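*Asks:* Chain residues, written in single-letter form:
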Amino acid sequence: MSAARNDTSLLSLTVAVLRAPASLVTGDRVPLARVLPGLLLLIALAGGLFGLVIGSYRGGVQHLFAAIKLPAVLLLPLVVTLPAIRALYRAAGVDVGYDRLCFAALVGVARASLLAAAMGPALWLLYSVNLDYHRAVMCLCGALVVAGSIGLFTVATLLPGGGRLRITAHLASFAIAGLVFAQGGWLLRPFLVRPRAEVTFLRPMEANVFSSVGAAWRSSRGDYRGWDAEAVQVWSDGDDVREPSLPGDRSDER
Amino acid sequence: MIATATFEPLAYVLGIGYVAVGAAIAIVLSRRGHPSGVALGAFACWPLFVPLLAQRGAAPSPGPLHARIAATLLDLRDAMAEPGAAGLALPDDLAGLVDDLYRADERLALVDRLLASVELRAGRAAPGVVQSTDELRRARAATAAQIEAVLDGVVQLRLQIGLRALAGNSVPVQERLRDLRGRLAAIDEIAAMELHA
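Listed in order, the protein sequences are those of chains A and B.
The opening residue of the first sequence carries number 1 in the numbering used here; numbering runs sequentially from there.
The opening residue of the second sequence carries number 1001 in the numbering used here; numbering runs sequentially from there.
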């Protein structure tokens, strides 16, 4: 068991991340140079595997596209939000170094990726029985929520103690990371791809995740106007009027 | 059919800037002796590797007792996390003890590398070199024995925590850890005595 904690091979790192992430830290010293490449590789492999499963909903080249993009979506919040999150913790009285925060966040994401990959076979089975698109999205969201919650809990446990507003800092950090994760997923869409939509690596940068959520909410209530129709109403000067989106369009696509 | 997306010029500028910073950090880390995996990771995700820039060189390699130190300390933490050890907080001295143990272990690794490189050329070594090698080997053995004694002390401490759970006696954890740190601090003196014996 001890060998698993100290050997930095990918398999032993996986064991350590899943069973005892704290064992990777030696006292106050975070061996970033030793574990960072392995953790990144773990996220790339596990996230890629989960992306492969998601891509299987549409099949073909979407397998590859989703497998490439999903690790990027998982890593984007870390790359973008860590300085802000550190500032939040310090403002809350938690004395956390940037190296410790990087380590905790990477281990959390690695754990979430591994758990998502572990849920892959079940998701694959569901997608292979001609699941409805909206149900497929809900299954994907469910898997991400379960894996993400455990990942966030892992991050919280790996950070140093203390700080009167520690819980507030946790909640604010998770909100910021969650927003970036959601918007990152929107920017790098599509992952599932509707049966009638064309396969593409990336969609053009248009609107944002909130307009998509709004469109999805309206769709669930029988109002099939997409975010593009709303955007035209708000921003057009009357000359650029487009037809509202129809059910099955890609406007609320994940 | 596979469609392609078009992007704003700002997106291209930001992308090129990100890649340029990543390349610069990867080169700096590579020149400081970090392995190629670190440099490659820094190229892709440089914001996560920024803390490494604050370090002066590559992280020291773990020593021969690294595995035992990690296992012993993890067992101690597990014991202190048990319900029977409720009320026993992990004192700050434990973090200091961990640091001291790993530093001593890294020094052992350094000595081992030195001895290995000298032994490769033992056939051609001068008498003075042979004598110095023997002295260093003795000092190394004394240091390793001292680390092992501290690790045994940690195991005893863990057993005392178990005893406290049964008997309800208070265990002077803080004092015990300070004693162990004191033993570690004496490593240099013991090694010096071996060198001058």
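Because the hints were derived from the structure by calculation, they are not lab data.
Please read these numbers as outputs of a predicted model, since none were measured by experiment.
The beta-carbon is built from N, C-alpha and C at its ideal position, and this holds for glycine as well.
Treat each hint with caution, since some may be false.
If we take Cβ atoms under 10 Å as the criterion, some of the chain B residues that face chain A in the derived model are [stated by the list, open to error]:
1) A1011
2) V1013
3) G1015
4) H1034
5) P1035
6) C1045
7) W1046
8) A1054
9) A1070
10) R1077
11) A1079
12) M1080
13) A1149
14) V1155
15) Q1156
Per label pair, the in silico range of CB-to-CB distance [what the hints assert, rightly or not]:
16) B:S1117 <-> A:S9: 33 to 41 Å
17) A:V213 <-> B:Q1156: 54 to 62 Å
18) A:G97 <-> B:R1113: 23 to 31 Å
19) B:D1152 <-> A:V129: 58 to 66 Å
20) A:S9 <-> B:L1114: 38 to 46 Å
21) A:F153 <-> B:A1054: 49 to 57 Å
Short, incomplete list of chain A residues facing chain B, as computed with Cβ under 7 Å [said to hold, decoys possible]:
22) S23
23) A33
24) Y98
*Asks:* Hint by hint, say whether it matches the structure.
*Replies:* Do the hints match the structure? See the list:
1. A1011: Nearest chain A Cβ about 7 Å off; hint holds.
2. V1013: 14 Å, violated
3. G1015: 12 Å, violated
4. H1034: Result: holds, 6 Å to nearest chain A Cβ.
5. P1035: 7 Å, holds
6. C1045: 6 Å, holds
7. W1046: 8 Å, holds
8. A1054: Holds: closest Cβ of chain A sits about 8 Å from A1054 (chain B), inside 10 Å.
9. A1070: Check passed: Cβ of A1070 (chain B) comes within 5 Å of chain A, closer than 10 Å.
10. R1077: 7 Å, holds
11. A1079: This interface hint is violated because 14 Å lies over the 10 Å limit.
12. M1080: M1080 (chain B) check fails; min Cβ-Cβ to chain A is 12 Å, beyond 10 Å.
13. A1149: 19 Å, violated
14. V1155: Check failed: Cβ of V1155 (chain B) comes no nearer than 14 Å to chain A, outside 10 Å.
15. Q1156: 19 Å, violated
16. B:S1117 <-> A:S9: 33 to 41 Å: 26 Å, violated
17. A:V213 <-> B:Q1156: 54 to 62 Å: Holds, since V213 (chain A) and Q1156 (chain B) (Cβ atoms, about 58 Å apart) stay within the stated range.
18. A:G97 <-> B:R1113: 23 to 31 Å: 29 Å Cβ-Cβ, so the 23 to 31 Å window holds.
19. B:D1152 <-> A:V129: 58 to 66 Å: With a Cβ separation near 59 Å, D1152 (chain B) and V129 (chain A) satisfy 58 to 66 Å, so the hint holds.
20. A:S9 <-> B:L1114: 38 to 46 Å: At roughly 27 Å between Cβ atoms, L1114 (chain B) and S9 (chain A) fall outside 38 to 46 Å, so the hint is violated.
21. A:F153 <-> B:A1054: 49 to 57 Å: The hint (49 to 57 Å, Cβ to Cβ) is violated, given that F153 (chain A) and A1054 (chain B) are roughly 29 Å apart.
22. S23: For S23 (chain A), the interface hint holds, since the closest Cβ of chain B sits about 5 Å away, which is under 7 Å.
23. A33: A33 (chain A) check passes; min Cβ-Cβ to chain B is 5 Å, inside 7 Å.
24. Y98: Hint on Y98 (chain A): holds, closest Cβ of chain B at ~5 Å, below 7 Å.
In this structure, the earlier hints numbered 2, 3, 11, 12, 13, 14, 15, 16, 20, 21 are contradicted, and the remaining ones agree with it.
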